Structures are given as C-alpha cells and as structure tokens.
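Student: Residue numbers (the numbering used here), protein chains in the order written: chain A, 1 to 382; chain B, 383 to 664; chain C, 665 to 942.
There may be inaccurate statements among the hints.
Stated by the list, open to error - What follows is a list of derived Cβ distance ranges for each label pair:
no.	chain 1	residue 1	chain 2	residue 2	range
1	B	M587	C	N690	21 to 31 angstroms
2	C	G688	A	G142	34 to 44 angstroms
3	A	E128	B	L583	43 to 53 angstroms
4	B	L583	C	L784	22 to 32 angstroms
5	B	F475	A	D229	49 to 59 angstroms
6	B	T388	C	Y695	40 to 50 angstroms
7	B	F401	C	I697	41 to 51 angstroms
8	A	V312	B	L583	46 to 56 angstroms
9	C	Y695	A	Y21	43 to 53 angstroms
10	C	Y695	B	I456	19 to 29 angstroms
11	B	F401	A	R16	45 to 55 angstroms
What the hints assert, rightly or not - Computed, partial: chain C to chain B, Cβ under 10 angstroms:
no.	residue
12	N722
13	A770
14	H774
15	G778
16	V807
17	A820
18	V830
19	D884
20	F891
21	V930
Stated by the list, open to error - Listed below are the simulated DSSO-like cross-link pairs for lysine-lysine, each with C-alpha atoms no more than 30 angstroms apart in a straight line:
no.	chain 1	residue 1	chain 2	residue 2
22	A	K183	A	K36
23	A	K36	A	K114
24	A	K136	B	K479
25	B	K629	C	K809
26	A	K289	A	K266
27	A	K36	A	K79
28	B	K445	C	K901
29	A	K187	A	K36
30	A	K183	A	K289
31	C	K901	B	K629
32	C	K751	C	K901
33	A	K173	A	K183
34	A	K136	B	K481
35	B	K629	C	K751
36	A	K183	A	K79
37	A	K289	A	K346
38	A	K122	A	K136
39	A	K183	A	K114
40	A	K79	C	K775
Derived by calculation from the structure, the hints in this document are not laboratory data. In this text the structure is predicted, and so the values were computed from the model without any measurement. In this text, a Cβ means the ideal position worked out from N, Cα and C, and glycines have one as well.
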Amino acid sequence: MVKASIEARGDLRLTRLTKTYGDFTAVDDLSLTIPKGSFFALLGPSGCGKTTTLRMIAGLEEPTAGSIHLGETDITTTKPYQRPINTVFQNYALFPHLTIFENIAFGLRRRGQKDVKEAVEKVLNLVELPHLAQRKPTQLSGGQQQRIALARAIVNRPALLLLDEPLGALDLKLRRQMQIELKWIQKEVGLTFVHVTHDQEEAMTMADTIAVMNEGQIEQMGSPADLYDNPETAYVANFLGQSNLIKGTISGNDGDSLIVDLYGQKISLPKNRSHAIDNSTYAGIRPEKFRISLLNTETRGNVLTGGHIEDVSYIGVSTQYQVEMPWGQELMVFEQNDDGVAPFNKGDAVNISWEPTFTFALRGDEDVTAGSQIEPEVLDEE
Amino acid sequence: MGKNRTPYLLLLPGFGFLFTFFILPIINLAQTSTQTRVSGGDTGQYEQTLRFANYVDAFVDNKEQFGRSFLYAIIATVLALAIAYPLAYAIAFKSGKYKNLLLVLVVAPFFTSFLLRTIAWKQILGEEGFLVPTLRSLGIISQSTTLTSTSFAVVMGMTYNFLPFMTLPLYASIDRIDPRTLEASGDLYANGLTTFRRVTLPLSMPGVVAGTLLTFIPAAGDYVNAAILGNPNTKMLGNVIESRYFKIVDYPTAAALSFTLMAAILILVTLYIRKAGTEELV
Amino acid sequence: MTQKLKDATIPTIPIGARIQRWIGRNLIRIYAIFAFTYLFIPVAYTFAFSFNDSGKSNLIWKGFTLGNWQNPCGAPEVCSALGNSIKIGFLATFFATILGTMIAFAIGRHKFRGRSTSNLLIFLPMATPEIVMGASLLSLFLVFKINPGFWPTVIAHIVFCISFVVVTVKARIASLDPRLEQAAMDLYANEFETFRRVTLPLVAPGIAGAALLAFSLSFDDFIITNFNSGTLTTFPKFIYVSAARGIPAQANVIGSAMFFLALTLVIVGQLVNRRKVR
Numbered sequence: 001m002v003k004a005s006i007e008a009r010g011d012l013r014l015t016r017l018t019k020t021y022g023d024f025t026a027v028d029d030l031s032l033t034i035p036k037g038s039f040f041a042l043l044g045p046s047g048c049g050k051t052t053t054l055r056m057i058a059g060l061e062e063p064t065a066g067s068i069h070l071g072e073t074d075i076t077t078t079k080p081y082q083r084p085i086n087t088v089f090q091n092y093a094l095f096p097h098l099t100i101f102e103n104i105a106f107g108l109r110r111r112g113q114k115d116v117k118e119a120v121e122k123v124l125n126l127v128e129l130p131h132l133a134q135r136k137p138t139q140l141s142g143g144q145q146q147r148i149a150l151a152r153a154i155v156n157r158p159a160l161l162l163l164d165e166p167l168g169a170l171d172l173k174l175r176r177q178m179q180i181e182l183k184w185i186q187k188e189v190g191l192t193f194v195h196v197t198h199d200q201e202e203a204m205t206m207a208d209t210i211a212v213m214n215e216g217q218i219e220q221m222g223s224p225a226d227l228y229d230n231p232e233t234a235y236v237a238n239f240l241g242q243s244n245l246i247k248g249t250i251s252g253n254d255g256d257s258l259i260v261d262l263y264g265q266k267i268s269l270p271k272n273r274s275h276a277i278d279n280s281t282y283a284g285i286r287p288e289k290f291r292i293s294l295l296n297t298e299t300r301g302n303v304l305t306g307g308h309i310e311d312v313s314y315i316g317v318s319t320q321y322q323v324e325m326p327w328g329q330e331l332m333v334f335e336q337n338d339d340g341v342a343p344f345n346k347g348d349a350v351n352i353s354w355e356p357t358f359t360f361a362l363r364g365d366e367d368v369t370a371g372s373q374i375e376p377e378v379l380d381e382e
Numbered sequence: 383m384g385k386n387r388t389p390y391l392l393l394l395p396g397f398g399f400l401f402t403f404f405i406l407p408i409i410n411l412a413q414t415s416t417q418t419r420v421s422g423g424d425t426g427q428y429e430q431t432l433r434f435a436n437y438v439d440a441f442v443d444n445k446e447q448f449g450r451s452f453l454y455a456i457i458a459t460v461l462a463l464a465i466a467y468p469l470a471y472a473i474a475f476k477s478g479k480y481k482n483l484l485l486v487l488v489v490a491p492f493f494t495s496f497l498l499r500t501i502a503w504k505q506i507l508g509e510e511g512f513l514v515p516t517l518r519s520l521g522i523i524s525q526s527t528t529l530t531s532t533s534f535a536v537v538m539g540m541t542y543n544f545l546p547f548m549t550l551p552l553y554a555s556i557d558r559i560d561p562r563t564l565e566a567s568g569d570l571y572a573n574g575l576t577t578f579r580r581v582t583l584p585l586s587m588p589g590v591v592a593g594t595l596l597t598f599i600p601a602a603g604d605y606v607n608a609a610i611l612g613n614p615n616t617k618m619l620g621n622v623i624e625s626r627y628f629k630i631v632d633y634p635t636a637a638a639l640s641f642t643l644m645a646a647i648l649i650l651v652t653l654y655i656r657k658a659g660t661e662e663l664v
Numbered sequence: 665m666t667q668k669l670k671d672a673t674i675p676t677i678p679i680g681a682r683i684q685r686w687i688g689r690n691l692i693r694i695y696a697i698f699a700f701t702y703l704f705i706p707v708a709y710t711f712a713f714s715f716n717d718s719g720k721s722n723l724i725w726k727g728f729t730l731g732n733w734q735n736p737c738g739a740p741e742v743c744s745a746l747g748n749s750i751k752i753g754f755l756a757t758f759f760a761t762i763l764g765t766m767i768a769f770a771i772g773r774h775k776f777r778g779r780s781t782s783n784l785l786i787f788l789p790m791a792t793p794e795i796v797m798g799a800s801l802l803s804l805f806l807v808f809k810i811n812p813g814f815w816p817t818v819i820a821h822i823v824f825c826i827s828f829v830v831v832t833v834k835a836r837i838a839s840l841d842p843r844l845e846q847a848a849m850d851l852y853a854n855e856f857e858t859f860r861r862v863t864l865p866l867v868a869p870g871i872a873g874a875a876l877l878a879f880s881l882s883f884d885d886f887i888i889t890n891f892n893s894g895t896l897t898t899f900p901k902f903i904y905v906s907a908a909r910g911i912p913a914q915a916n917v918i919g920s921a922m923f924f925l926a927l928t929l930v931i932v933g934q935l936v937n938r939r940k941v942r
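Isolated chain A, as found in the complex:
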C-alpha cells in the first residue's frame, strides 16, 4: 500500500474536495485534473483556499470530504512521506542545523537511495550553486535559499512538485529572473509543477494552465491568454490585469456578432465572447486595447464618442489616461509610447475606439468591483 502510493505516477485528480474549519469553508467542493507534465498555477488572493488545496495535495491537511488521486492511486489519506510529492515551502523551510548538502540529501537518505552524493551534486549544478554545498542555510541570500529549496525538492524526482508562493520573499527583480529559471527547470526535468500564488503576473509568466480561485472554488480555468482575453466573470477580469467594464444592453444580432447599446452608442462584439445570460450585460475592454483620437480624426472598429481626458500619467513605455465619458464613468486607457505622436493633454476632447474582437461581455448582474479591491500582497495566509 505504502509502496504503491509512493510510486504512483500520472495525472493529479481532485474530486469534490472540501475542507472546513468549524464554520469556515476554506475549500468548497473543488474538482480539478492536472495533467502530467504541466505547469499549473492556482491563483487567487489570500484566503481564497489555494494554500489549503496545496496542503491537502501535499498531505499536510486532511480533506473534510472528497478524494485525491495520482494516476490510479488514491492518496487522499496517505501520510505526506508516503506520497511522491514534494513541496517548495513559502520561506523555504530549509533545515537550519544541516548543511546545504545535507538539506538536499535529506529526502534521498530517507528513501535509502544510493549515489546520494552524485544526485546532490547534479542538482546543485542545475541550480548553479555547487560551491555552496558545505554552507549553512543562514549564510545564503534569499535567492540562493530559494534555489536550494527547489533543488531539495526536485532531487527526489517527485511525480508532482508543489510550489507555495515560492518567490514571495524575493524582491521584484530577482523574482522575474527566478520565474524564467523555474520555467526552464520545469522543462528540463519534465515534472508536473503546481504553483500557488497571489501574483497574477507570476502565474501568467510561468504556467501553462491557470485556475483562478475565489472563496474556495475555481472561478475560471484556462491558458493565460484565454483568461486574460476572454474572462468569464468580473472577478477574473479585475483580478487578472485591469478591465474597463461598461454597462449596456444587448440590442441585436449581426451574423457572428452581437450588437450592444452602451449609453446610446452601438458597438459590436463576437458572440462566442459573450457570457451574458440575458439582454443586460457589461461590455469589457482591456485598457491597452483602446485607442484615443482627437475629435474629427479617423477611427476604426467600435467607437465611443464624447470623452475628455481627465488625467495623464506618463510611465515610460506607455502613457496611462483617464478618460471621462458622457455618462460619468472614467475609462482607463494605456497607450504605447512608440509612434512619436505627442501625448494628449488633460482636457482634450477625444473619441475612444477599439477592435470589436477584443471585446468580451459579462452577465449584467455582476458586481463590477469583484476582484479589484483585493488587498495587496498579504503573505502567510492562515
């Protein structure tokens, strides 16, 4: 039984997984399949249940209901050390009393593996820190500790590698660098990675598939591009990047397109990007998809007229504009600074236009602020 579970391989299947603490439901009837070999991200703010899900997969938390399968093996109630699953812990959890070498060798020794030295040296080379083998964890920088934590996990060649906010403690620049390295290492060793994070950019950079979690459930799952371009809910639209959501009414059909009335102005959008259930809807457009033009200049695609520029922020690669529309809503527009055109000024009267295919439509009864008021970066949930 123990032997069987530790050698299990294959897709990870969570079936109707639930975890409650007293009255609080951390994970709510969650079902999910993570294909072997993929880089999967669980994305959401603190308290959304992503860490609890991860801990149940690792065996550190027992589910209240539901099951976890790895390939054909049921591992729901097996002990953490009986699972072919390793974790890169938040803040790394390196053993302070052991050298780097012994930290990495820890799992191999417990499994009675031979050639420990060789395996450890190989993985130290992979993370490019072979010279640190005899140091203690406290002598390492944050970035180095992060790599050692990763090495300590992947040296065991687990069926599944869990990463719990692995880059949370690093500064921004190092984080970007490690994101690229992690992605590369995942390809190199060919393991299944399950990555938990609250940082949408991190998830989008690394993962093949992202599941956005909200209140213990999966809000939407798909490739980064799918989630970004075609969010199904206001929560996803706001949590992944920023969105302009404009209240409207679906007023007609035009072949593969829907005609939507936004405060008296007609726009169109592809039918397959509408998630509305009746006539009322919110039309969604990402800020960088908008183009701004002065009155009396040529426009293409969907156009909204009558705006004027309320605020201009120059941020190097782009300029961000707040454009106030006749119905009082302020729209956000990002313009690339790549065309040598002088930026617009505060007070300019402008039109806004965009390609219809970039539009998505949400249900009209959505809370448009969902997912946008998330507290920034609260680590150490629970």
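Guided by the hints, dock chains B and C onto chain A, whose structure is given.
Tutor: Then chains B and C, alone, in the frame of chain A:
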C-alpha cells in the same frame, strides 16, 4: 487513535513523579496540620484529631513574622524591580554587540554559591568590614549604627539574591519590543517619560509580572537571608517553620504555617495577576 | 550676504549643555554599571578572601597566600560536601531533564484534553515556597519511614527542577517553525525520523540550556536540601553550618572556581554556537 495517546504517554512518567513527590506530600501536609500531640506519647508523636484551631493558634502566635515575611518580600520585590528594569533595558537596547556577554554576567553570580555570597555580604556589612568604618568616618552613619544584623541587611540580601530572577524575564520581554515602536512614539509627540509609560512599560508587562512573581514567591518563603543577615527581631515565617520542624519537632504547627503561607501567596499572586491583566505566565 | 548668514547660523553648544546631554544619553548605562557592581561585590569579596591566609576562620584579612588554591580540599569535609553536591546535581539534572522534556513536548506539540490542567501542575511547584516543598516532602518520607539522605535529596531536587526544564524547553519548542517538520515529512521522513533528524536537533540547545539551569538550581539549593538530606552534607549545607564558626577559605576557592568554570563554559558555548550559525 495512536496519535491521541502520545501526549498522555509523554506526560505519564513526569506527572506520575510530580504526583507522588509533590501533590501527595502537600496532601499529607494538609492532614498533618490538623493533628495534635498524643498525650503522654514521645516527642514527635501525633494523631489526627482534625483540630483546625491549629491554624488559628499558629497564626496568632506568629502574626508578627507573617507580617514581616510579606513586608520584606514586597519591599525586596519592588527594589529588585527598580534595579532590574533599567538594567534589563540597558542590556536589551544599549549594549550593542556585548548583549550576550552582559546577559551571562547577570547570571554569573549564581554560580558562586548564594550562601557564600550572602555570607560575604554579612562580612562586608559587618564591623570588621571596610564599609562600616568608611561610612562612619564620612559621617554618613552615626558611630553607633550597625548595618549587619538589621532589617536593612535582610531586605538588601533578599533583593540581591533574587535580582537575576527579576532581570531575566524582564530582559526577555523588553528585548522583544521593536525599537521602532519607541521611535514611532517619539515621532507622535510623546516625550521620554510618556513613551515609557504608554509604550515600553505596557509592552514589557509580561516580563514585569513573571519577574515579580519569581522574586516575590521565593522571597516570602525565604529564611536564609534572615538567618544570616538578621537578628532575632527580623525573623520571618520561614525561620519559624524551620525551627518548628527541627528544633521543637512541632509538625502540626509547622504544617499549618506552611499551608497558610502557601495559601496567602497563592491568593496574593492570583489578585496580582488579575490586576496586571495578563494570563500568559512564564 | 548669504555667506554671512551661514556663519551666523552654525550653532555652538555650550560645554555645560554638552555634558548634560552626555549624561542624559548615558544615564541608563551608568545605572547598569552600578547594578553590575552591586551584583559582583560579594563575588569579588569571595574571590579575594580565597587568597586569605586565614587558618580556620576566614573573617578578617590576615595576609595573601596561594595555599588555599593549591590545596582546595585542605579543610575537613569541604570536598566530600562538594562531591555530594555534584553527584546529586548530575542525577537530579539527568532525570529532571528527561521527564521535563517529555512533558514539554506533550504540552508544546500536542493538543489534548487536560492541557491547561497540565500547565497548572507545572506552574504550581514554581509557585510553592521552597520551605513548603521541602517540609511537605520530609513529612511524606517520615510517614513512609524513609530516612532523609542521599536519594530523598535527589528526588526533592528533581521535583523542583522539572518545572524549570519544562518552561525552558517549551519556549524553544514554541519558537520552532512548524514548516520545518512539515518539510521533513514532505521529504519522506516518517514521524520518528522527523523527530530524530529535525525536531530533536533543533530543540537540543533548549534542552542543554534547561539541563544547565537544572544543575545550577540543584547545586545551589539549600532550603529543600536542608529538610531532606538528614546527615548528608552538601556544599551549601556545609557553608551554612560552618558559617557560625567561620567558613574555611577553601570554600571560597571552590565557590570562585565554580564561578570561573561556569563562566568559561557559557562563553565557550556561545562562541561555538555563533560559529555554527554564522
């Protein structure tokens, strides 16, 4: 299932030991305290008569020593707090890289037997020591004033002996204070005194409570300082209990006194903890 | 114009104010120096009088000699008393550390019914005056017709050391990051191996500290020992008994030697620890 049994198995030997050699003796002490002497029996022969008046007799006969025990213990505790608090503060915030060394130095006198040090005080304060003649010639004390064998010497000795018990918990909780909170207080228009009263002291309260308890409890039951540094008029309850046991062989009275002392300490400590408003002890 | 203004605004602090400010800044340090002086006066006195050429009673300074240090067992009974104290100290430390550490793990690592009662049972011995503890234990021994002596003293010492061990080790366990144990389990160590390879090594400094504390409490105890040791003489008891007729300078030698030995041990221990961590 096996999981839930582990803590009990871990507790069993230690608690078994404490039950046999701590709880049982206390129960036994309780029942000794109501015994009376066997009439016509040998010295030290007692029988159970449930004579609770033993307590009244013991208290009435020794109320002076009772009062003195608590008075001395309270004074020594307050003095120790006054000495230890700035000391602990200085070690925590002003000692830089010498922090660990200074901490060791606080504990270091422990390693010389406390009896040796108490007797050293007796000799330092004594007529043959250098202190008394010096003070006399400077006119600070009169020619007839002595320092040893006085209540002053007893309280000073107690303060001295329990000082590390006060300093260590104080240090532990002061050291945990983030110095930035003190700066923040200053930034928010609090002067030094206000910062101490409103920020430092409340944050170090667990240490104050633990330190005063660790000083007060042994001080109230102490008799060594009174025996070495005092005179017959500075006797504390501990001295009485000791002589009842060893010299007079009056076990019931000694037991009744011990019990009263323990009860009084527990009541005082409970009131104090309530007042100080902290439940997290040691 | 601007040059002039600049010169004029450079403030000069009068020397008196500067001294005042220096004292203000260093007041607490000065205070600490006085406190340390208070702590060390009797230690220095004891050390100085260990060189006194005093004969039997070491009350008055009679002249410098190294004789006491060359022959620390010169006075009758000093070394047998010391030997008893060390034996009792080791035995009490050994048992109190084992029992106390087990209790600390139970309370610090497990949630179970009766946890708060357990905490109370640990607190009670610390809240009991030594004289009550010593007297009650003696009464029990007398009831069971056990004569006071070596083993009753060891038992008494274990009783009052256990609580201090529990408190010290519990604090160390509480400061342990639970993720380290989770990481060990994650890396294929079962419960026993996790304990042996991760938990125990990380708690070890706490256990060592507790043992050191237990030994020094036991070695220095007088009150409880006095009740339960009968005719056996320990080092503190020897000093107390001989105080009336004057303590031989050899006792000062042993007291001072213990002081320096312990100080060296602690400092070396800290240096080794620092090297390990850094």
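Student: Can you name, in rising order, the numbers of the hints this structure does not satisfy?
Tutor: Violated hints: none; all satisfied.
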